[in-house]
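Engineer: Chain residues, written in single-letter form:
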Amino acid sequence: MYSKETLTKMYRTLYAIRTFETRCIKLYRQGLIRGYFHPYLGEEAIATGVCAALEERDYIVSTHRGHGHCIARGAEIKKMLAELLGKAAGYCNGRGGSMHIADFSTNNLGANGIVGAGIPLGVGAALGAKIRGEDRVAAIFFSDGAANNGVFAEAMNLAAIWDLAVILVLENNHYAVSTPIEQVSRSADLYKRGLGYGVESFAVDGNDILEVYQKTAAAAAKCRDGKGPILMEAKTYRHTGHHVNDPGQYMPKETLDYYKSKDPVKIGRNYLLKEAKASPEEVKRIEAAVEQELEEAVQFAVDSPAPSVEEFLLEVENA
Amino acid sequence: MYSKETLTKMYRTLYAIRTFETRCIKLYRQGLIRGYFHPYLGEEAIATGVCAALEERDYIVSTHRGHGHCIARGAEIKKMLAELLGKAAGYCNGRGGSMHIADFSTNNLGANGIVGAGIPLGVGAALGAKIRGEDRVAAIFFSDGAANNGVFAEAMNLAAIWDLAVILVLENNHYAVSTPIEQVSRSADLYKRGLGYGVESFAVDGNDILEVYQKTAAAAAKCRDGKGPILMEAKTYRHTGHHVNDPGQYMPKETLDYYKSKDPVKIGRNYLLKEAKASPEEVKRIEAAVEQELEEAVQFAVDSPAPSVEEFLLEVENA
Amino acid sequence: MTANTKTELAAATGRNIMLRQALNEALAEEMRLDPKVFVMGLGVAERGGSYKVTVGLLDEFGPLRAIDTPISEPSFTGAAVGAAITGMRPVVEILFVDFSLLVLDQLVNQAAKFKFMTGGAGSVPMVLRTQGGVGNGLAAQHSQSLEAIFYHIPGLKLVVPSTPYDAKGLLKSAIRSDEPVVFMEHKLLYMVEGEVPAEQYLVELGKADVKRSGSDVTLIAWSNMIPRCLAAAEKLADEGIDAEVVDPRTLVPLDKDTIIESAKKTGNVVIVQEAVRRGGVASDIASIIQQEAFDYLDAPIKIIAGKNTPIPFNLELEKACVPQESDIILAVRSRVHDKG
Amino acid sequence: MTANTKTELAAATGRNIMLRQALNEALAEEMRLDPKVFVMGLGVAERGGSYKVTVGLLDEFGPLRAIDTPISEPSFTGAAVGAAITGMRPVVEILFVDFSLLVLDQLVNQAAKFKFMTGGAGSVPMVLRTQGGVGNGLAAQHSQSLEAIFYHIPGLKLVVPSTPYDAKGLLKSAIRSDEPVVFMEHKLLYMVEGEVPAEQYLVELGKADVKRSGSDVTLIAWSNMIPRCLAAAEKLADEGIDAEVVDPRTLVPLDKDTIIESAKKTGNVVIVQEAVRRGGVASDIASIIQQEAFDYLDAPIKIIAGKNTPIPFNLELEKACVPQESDIILAVRSRVHDKG
Ligand SMILES: Cc1ncc(C[n+]2csc(CCOP(=O)(O)OP(=O)(O)O)c2C)c(N)n1
Ligand SMILES: Cc1ncc(C[n+]2csc(CCOP(=O)(O)OP(=O)(O)O)c2C)c(N)n1
Ligand SMILES: [Mg+2]
Ligand SMILES: [Mg+2]
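Residue numbers (this note's numbering), protein chains in the order written: chain S, 1 to 319; chain Z, 320 to 638; chain C, 639 to 978; chain X, 979 to 1318.
In isolation and in its complexed conformation, chain S is listed as follows (with noise of 0.2 Å):
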């Protein structure tokens, strides 16, 4: 059973990301926002339900599809927005964008612009947490497409040798841009992976808030008992193309279908309903707040100054 108010902050986060992400995609076209985006819609479960299950103290390792890392770690949503238009006031002073947003100050390492290249870091964090002799957990988010880089299979074992406290976080929505998993690997369940290596591995539904936080609760203990690290496979799609100009024709309609009528955030809905009685008049107060604060960020964002070009070259020269 869970408390109301887990449910709730769970479904606000799934309804914070589904917006922002939604939002975003407007501010794109109509201009305000360049260069790569990779939306999170229809993943949000697996960044909600992992991040809910951590410590403020843990570490998370984010992808180039990371607005929903970021969010569901406690990110500033106006700091993400200023990014994103590439502010002064963003978590890079706008010189890192959509693709290299870090915020320290929820322990998150930052999203990357090399597929699979994050996996290694979080397990040196964790490395490096062990060696200080803290109890940290890495949680350590990849889709598909980079468990076909060399360094999952190296850094994984790396995990495995010195039982380190790290959850491999694949979240399988079975495409790199438009190639599908089926083409690349012989086995759609890469999961499997992990057990030649030792490591435990299972498969999670990656639309179900629930069970990804029970399952990596679970996996979280386990670690911080030194029984890591872990590969759990979230199994989810994309409600989008790869990227915001990406119309995905070769995602076939009745999967899409499919997997939206499993729709994340529906399904946190239905569990607070559901689950803790919340009334839709409360869910609808939720989801105006949520709102509200997106449009205050977006302004915030619009308003706020561009970096300075000439302090930016007299760093460089000091550089």
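None of these hints come from the bench; they were simulated from the model. The reader is advised that the hints may include incorrect statements.
[Stated by the list, open to error] Covered stretches of chain Z (chain C as the covering partner; in silico rule of three or more C-beta atoms under 8 Å from a C-beta of chain C): (1) 428-441; (2) 461-473.
[To be verified] Computed list of lysine-lysine pairs in BS3-like fashion (alpha-carbon distance at most 25 Å, straight line): (3) LYS78(S) with LYS9(S); (4) LYS1093(X) with LYS940(C); (5) LYS945(C) with LYS1185(X); (6) LYS753(C) with LYS674(C); (7) LYS1280(X) with LYS78(S); (8) LYS192(S) with LYS511(Z); (9) LYS1234(X) with LYS945(C); (10) LYS253(S) with LYS266(S); (11) LYS511(Z) with LYS227(S); (12) LYS1185(X) with LYS1280(X); (13) LYS541(Z) with LYS192(S); (14) LYS511(Z) with LYS222(S); (15) LYS284(S) with LYS260(S); (16) LYS957(C) with LYS1093(X); (17) LYS1213(X) with LYS1297(X); (18) LYS274(S) with LYS260(S); (19) LYS940(C) with LYS845(C); (20) LYS397(Z) with LYS192(S); (21) LYS1234(X) with LYS940(C); (22) LYS26(S) with LYS260(S).
Remember, it's a predicted structure, so these values are computed and weren't measured experimentally. We put the beta carbon where it would ideally sit given N, CA and C, even for glycine.
Add chains Z, C and X with the ligands to chain S, keeping to what the hints say.
Structural biologist: Chains Z, C and X with the ligands in isolation, oriented as in the chain S frame:
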């Protein structure tokens, strides 16, 4: 049942590798061979058994511990020795040395100084054959240490998704230099890593020439049927340290003794004597012939001229 | 038939196509001519490539010669090397030159050295197509100019085309080369149009092209800095400064003769490079010129290059990091003043 | 306390140790001072390193701070980056610089850019120790000099010590640096002995050292080319040619002032580099000098460098590929003749 001819041929190869390495170590001590030298002593049955089961048109990819693979594939001993001595008559005109011998006349695509780097090369050779519609298998030799290079997992997966005629021959001699496999893998049964990638994988006794031969023959047949790739882990042990100057004190005496009691050359000799009913005299004649060829090759290599520095510099200028 | 500017113009039939189409034609033509040629990379087959360079190759040549790969750059590049060693002519695409940092073992330790290490017995006729430079807000891991890395490696050829005509003719020559070639495209040039003759032609590797001849100053540049130099040269002409613009087109082999000749003629050299100044190719070209044309130089060779920083996301900051037309104009002006 | 040649001599207590021991002392001292410092790499713990640089660290600091790794260079380098981001100070060993080509994504795309990409919020205080250069018959994949690659990357510092004294003081400064540092050792220098004071000291990054002062010609070199230049300088002295030998000690940051000053003084510069000529650091230094000291140069800057080829196995061929003492002497002689 094996024909006497087959068992004779195999024993000849086992003995040729054994005497080649032993003799070269002497030459190394005399300062006639310089640079790196990684003896294949104790692993002779793997190269011999695998290559005996392949067709001439098949490819092999070798390693830094590659003399055995060369010889088993039918390389000319005198060109190998000339190369080890850095002479112009060597396989690489004295430019490659022990770690870079390739022999295209036997479809041996070469040794490699970068551990693991040969694995994708072999996969590419098999890919090319498939594109050309040729029936060729690529047998890729590598050892336990290389299985921790990410290209092992990546390249095995490429071979799997493209159903390539590749036999991954993992020579598990239990060490990467002085690092025991148990220290860098939770399971010493490295073949298990193939299972998660949907690759048929198994282990064999790498010191038993006939087991290696049989399993390779079956694997090659499957590959020719389009049922590749196959991961074959051959368990073995070095009789020496990692290289000529490594006393290998870290190798436990009892383990070393155990494997020496399963000496692949002795086992091969027994097969020849018992299975093929060869007489001790016949065996002696085989050995004498091998030794004579080796001594002639040594003479050839010692007497043959060094490459011309002038010609080399001229070539570099015009490159 | 190999070509230079004059024959280019002669050959040109008024047919204007985009650089990415020129590359596509080069690939299709070579694949028709030689069954050993095949392409592989991320999304090159079904998607036709992220920049549409390989569109249609899957349909015409089938899945064995237009191969989509997993995100396993080191290994599919290594597989290309292995295929090349055994007689194929692979054209591998590495989506961004930033990702080529994943494949340098296979490219530098294997491909570039294989022929040498095997005493000339082996060869690696492969092309690694990749794409670099600053785009529009792609940030630090998708905007690098890394030609200097390949330039330093014996055994690699390096092509850096600036026009559709050059791109097509050079890619065809690269595919026919028996040594590994790194073919560096620029993300901002794919949709640039230029004249490309209908009939087949080659552009020889190692021949520079004087894109504009002039007498006062020599501008040396390549890839996306060429259009900027040409635009700057036109503006400078209005001020009475006559700039020559030399495009090496291939950095390895480098056409030193054409470069030195121009330097001796004008006595005044400005090298324009998008990559960061420190350790860039411009420095090497400058070191060659000062050695070969020392007594002809009226002033030190000037290098205009990218700033010494990763590329920022913000568009204004990004712009400030790489040479713009105005930077070139200012530099040449001050240079001509220094002289007089 | 930071040091230069004078204080070096002052500090030196007649204690001669090998360069590898000097490095070992630097590591042990910094590990004692700062629990965040740890070493990892192939065989660095139980074996004490293939070149014995990390001997004894496992015994003193235990398996959590002296870590043996699998042959997974990309990932243990990436793990070092991740540890550094979260507060540790890793010292990673990549056995040969040739293998560093496996880790450039983690080093260049991650470590070098992380601070910048995060708007200064993050930092990566790590040292990547590696080892390069020609040895004795180690052939093409174990003999490269690749400093030019790191030199070109904004965000990386680059150290190339030539003496035990410098090696120790520079490694300690590198470990204390808050930015990633590539520390390039030379395989032929590990057993070279030199004076190293017993008390602790630092050598600041970015300060060149004039290893020999002279008036006729400036020799600029680093790493294993320094002993050769010094030996050549002694022979040249007998002929009445007084050579100055400048050792930048760190290529990033580069002490341009000391280099330019010496160039202006002698008007005659020879740069000696083991790496291949094309695209090497020597070219960049030459391009800087011709820019900053144009009017002081009596002759073009001469570069003596490695031949444009992979390194062959045969010892005579190998020798012919990299600058020898005699090559330096000949070059300087002809240069001084050119002048007079
Ligand atoms: C090493 C590397 N190769 C290629 C790319 C280009 N790229 C960006 S995102 C992407 C797809 C990644 O697929 P996956 O890992 O499944 O993540 P998803 O987009 O599904 O979240 C690719 C190929 C890259 N950024 N890095
Ligand atoms: C990528 C890489 N890392 C490190 C080395 C140094 N090295 C040479 S041989 C060797 C051990 C290889 O172990 P394994 O793969 O088990 O082969 P074996 O020596 O047992 O035949 C190492 C670490 C190398 N050559 N390449
Ligand atoms: Mg995916
Ligand atoms: Mg081994």
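Engineer: Closer than 8 Å, Cβ to Cβ, for at least three residues: run that test on the region 461-473 of chain Z against chain C and report holds or violated.
Structural biologist: holds (count 3)
Engineer: Please verify whether LYS253(S) and LYS266(S) have alpha carbons no more than 25 Å apart.
Structural biologist: holds, 19 Å
Engineer: Would the pair LYS1234(X) and LYS940(C) pass a check requiring their Cα atoms to be no farther apart than 25 Å?
Structural biologist: holds, 17 Å
Engineer: LYS1213(X) and LYS1297(X): Cα distance at most 25 Å?
Structural biologist: holds, 20 Å
Engineer: Compare the distance between the alpha carbons of LYS511(Z) and LYS222(S) with 25 Å, and conclude whether the hinted pair is satisfied.
Structural biologist: Holds, at roughly 24 Å.
Engineer: Please verify whether LYS1234(X) and LYS945(C) have alpha carbons no more than 25 Å apart.
Structural biologist: Measuring from Cα to Cα gives roughly 18 Å; hence the hint holds.
Engineer: Sort out whether LYS192(S) lies within 25 Å of LYS397(Z), counting only the CA atoms.
Structural biologist: violated, 48 Å
Engineer: Does LYS260(S) sit within 25 Å of LYS274(S), going by the straight-line distance between their CA atoms?
Structural biologist: Between LYS274(S) and LYS260(S) the Cα gap is close to 20 Å, so the pair holds against 25 Å.
Engineer: Is the Cα-Cα distance between LYS541(Z) and LYS192(S) 25 Å or less?
Structural biologist: holds, 24 Å
Engineer: Need the status of pair LYS957(C), LYS1093(X): alpha-carbon distance at most 25 Å?
Structural biologist: holds, 20 Å
Engineer: Are LYS940(C) and LYS845(C) close enough, with their CA atoms no more than 25 Å apart?
Structural biologist: holds, 23 Å
Engineer: Given the hinted pair LYS1280(X) and LYS78(S), is their Cα-Cα distance within 25 Å?
Structural biologist: violated, 56 Å
Going through the hint list in order, the structure does not satisfy hints 4, 7 and 20.
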